[in-house]
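Asks: Now for the letters of each chain:
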Amino acid sequence: MILAILALPLLAGAISALAPWRRGVALLGVASLAGVLVLAALIARASLVVAPSALGGSLGADPLSALMLLVIGAVGLLAALGGVRYLDAQLERGACTPRQASLYAALVQGFIAAMILTVLARNIAVMWVAVEATTVVTTFLVGHRRTRGALEASWKYIIICSVGIALAFLGTMLLYVAASHGHGTASLDWATLVREAPHLNHAVVRLAFSLIVLGYGTKVGLAPLHSWLPDAHSQAPAPVSALMSGVLLSVAFYALLRCRAIAVAALGTDFVRTTLLISGLVTLGVAVTMLLRQSDYKRMLAYSSMEHMGLVCLAAAAGTPLALAAVLLHVVGHGLAKSVLFLTAGEIVEADGTSQIAGVSGLLVRRPALGGLFAVGLAALVGLPPFSLFASELGVVRALSAAGLAWVSALALAALALVVVGLSAPAARMLLGPATTAPQRASFSFSVPMGVALGALALLGVVAWPLSSLIHAGAAVAL
Amino acid sequence: MSLSYVSLLDLAVVVVMVTAALTLWRQSLAAAVKALAVQGVGLAAVAVILGAHRHDLVLVGVGGLVLVIKAVAAPWLIGRVVAHDHAAREASPLINVPASLVGAGVLTLLAFAATRDVVALVGTPAGRLIPFGVAIVLIGFFSMVVRRRAVSQIVGLLTIDNGIALTAFLGTSGVPLVVELGVTLDVLLAVVVLQVLVAQLQRHFNVHDLDQLRDLHD
Chain A
1 MILAILALPL
11 LAGAISALAP
21 WRRGVALLGV
31 ASLAGVLVLA
41 ALIARASLVV
51 APSALGGSLG
61 ADPLSALMLL
71 VIGAVGLLAA
81 LGGVRYLDAQ
91 LERGACTPRQ
101 ASLYAALVQG
111 FIAAMILTVL
121 ARNIAVMWVA
131 VEATTVVTTF
141 LVGHRRTRGA
151 LEASWKYIII
161 CSVGIALAFL
171 GTMLLYVAAS
181 HGHGTASLDW
191 ATLVREAPHL
201 NHAVVRLAFS
211 LIVLGYGTKV
221 GLAPLHSWLP
231 DAHSQAPAPV
241 SALMSGVLLS
251 VAFYALLRCR
261 AIAVAALGTD
271 FVRTTLLISG
281 LVTLGVAVTM
291 LLRQSDYKRM
301 LAYSSMEHMG
311 LVCLAAAAGT
321 PLALAAVLLH
331 VVGHGLAKSV
341 LFLTAGEIVE
351 ADGTSQIAGV
361 SGLLVRRPAL
371 GGLFAVGLAA
381 LVGLPPFSLF
391 ASELGVVRAL
401 SAAGLAWVSA
411 LALAALALVV
421 VGLSAPAARM
431 LLGPATTAPQ
441 RASFSFSVPM
451 GVALGALALL
461 GVVAWPLSSL
471 IHAGAAVAL
Chain B
1001 MSLSYVSLLD
1011 LAVVVVMVTA
1021 ALTLWRQSLA
1031 AAVKALAVQG
1041 VGLAAVAVIL
1051 GAHRHDLVLV
1061 GVGGLVLVIK
1071 AVAAPWLIGR
1081 VVAHDHAARE
1091 ASPLINVPAS
1101 LVGAGVLTLL
1111 AFAATRDVVA
1121 LVGTPAGRLI
1131 PFGVAIVLIG
1141 FFSMVVRRRA
1151 VSQIVGLLTI
1161 DNGIALTAFL
1171 GTSGVPLVVE
1181 LGVTLDVLLA
1191 VVVLQVLVAQ
1201 LQRHFNVHDL
1211 DQLRDLHD
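If you read the sequences in order, they're chains A and B. Residue numbers 1 to 479, in the numbering used here, belong to the letters of the first sequence in order. Residue numbers 1001 to 1218, in the numbering used here, belong to the letters of the second sequence in order.
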């Protein structure tokens, strides 16, 4: 099962790269992601009993990894469906050659495989290699439209993320240096490191963890190395933005969570908490300030991703079981809501030819399905009930207060309130406003999967089924 | 025997360090790429010397891999970009050369201060050289901030990577081979991607200087 979930996208990717382009290649991508989602569900069930593993234990899925696999599968499937539409439109317009379409399909599968490897790797250096591989693979996806802006965004993306992630590798190597001169045997295995952590040299682990927060933080979109994020998310094709925002950020955050567990076991909570609090608060501040002054709705969604990552970073700082469960629920909720929104935004750009808020109006009248999805998606994103982000944001705020950080939870609540205000004015303008063209029906192949995703979010918010036990088990692993 | 091991190791680390400073000193992009190639040789030498001393054949093999990738393949790929660049010079770095070299000196002192605990923990002749690894990482950072040409940025990125590899060689008794291979593959692919990206920017948009890329901002 473990090997199958990794091999499936690799195989689909190889076929996409080698076979001549036909529409079936894009559909193969959808089938591959559907397979990944089913396997992820099976692995998740199994992980609650005994964590499945492969290759002599060097790959494995505890509940934490299994939950991430589910997010990768679900967001990946939505993005693959969006990808079929994106490639159809590009090819029809002559904006991309069949060769480039094949490349796109192959790289998306490679991207998925790299993220799956990240969450399955038990060795933290292999985990790093996989995260860096996501950077390399996605660069061409960000620049797939080959406009000047898209190439600039890909350049910024690979340079800033490679530098940032290099810091995380330096931090990982320093952890290894500490482990090589600790009590037991030198190992990069996560579970061994957590076990041996009390014997590691404190000063070296402190230095290592600071570098790791800065490094993986770059890919999570945490300040100060976040400047690639709005550019990449707004320039990339919509399905790629959905994947990057909906799941890549949280996969990088997952890497941070694993390293956090080692640092907490070595140092106790004080240092780790302070580091993550500073990081989360600065990120939240930057994100909210920038979000409020955007005139481009894709960039607005990008800054909203930063805001959500800042929030989960604060929850990780609290570090209680409740806080970590809220983090995991939030990662699922944000992944689904944000990918629906980015894909819908892509359809709006396609229809109206602009990503400026001022260029869109009367969506609910002109395109009821598209406008409706955008409205409901935004409602889910800002944390209105019944969607699961309401429950997870409430969980984060409660956990922060319970951990003696009431002032942080007050700041977080203020930021969330500002975001509601900041998003509702542009949303009202785009959705209501005067309609300039006659109403048009949206295609079912788009609105049905998006509707299902939003329905799942509401279900998750009301009854927490079917993820409740997985989330609590995952939070216990991350503790 | 042990004296010659230590002095050989010192020599190889000095080569890596000096070439890192050279990339800051020379404004010609071709010279910077040459310095990077020599840096790769120095890094490979560190791995081979350590491997020979510890009778660790894998580490010697890793040294060979480093030689192929860092001293030959990566500089060759970057050199192709330079060949298409007409004014292959760093015309206006944000900070002039003497000031950048002073900056490099300050960063080296900073690296020594930051790694005191690491050196004390490792406590071997190789471990005492760790500050240089960290200093090279910082110098790579610094050169990425002050240099504006696309090629200079790639050179800076690889300098950072070499500094980390040096730290890992000096501080541990060998990183697992699978990790070493994965990291090397990542670096090589990143350089290929960067090279293709720069070629596209040069060909389609005639962009050589990153200051020309200012379309995206808030």
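These are computed hints drawn from the structure, not numbers from a lab. You may find that some hints are simply not true.
Claimed, not checked - Restraint-style ranges between C-beta atoms, simulated for each label pair: (1) A:P98 <-> B:R1214: 25 to 35 Å; (2) A:L384 <-> B:V1178: 21 to 31 Å; (3) B:G1064 <-> A:G451: 33 to 43 Å; (4) A:A95 <-> B:N1206: 16 to 26 Å.
To be verified - Output of the computed footprint for chain B on chain A, the stretches with three or more beta carbons under 8 Å from beta carbons of chain B: (5) 18-32; (6) 116-127; (7) 139-146; (8) 273-286; (9) 381-393.
Claimed, not checked - Over 10 Å on every C-beta distance to chain B, these chain A residues come out as not near it, computed from the model: (10) L37; (11) S53; (12) T97; (13) G149; (14) A186; (15) P368.
Backbone N, C-alpha and C fix where the C-beta goes; we use that ideal spot for every residue, glycine too.
Asks: Against the earlier hints, flag every one the structure doesn't satisfy and list their numbers going up.
Replies: 2, 3, 5, 8, 9, 13, 14
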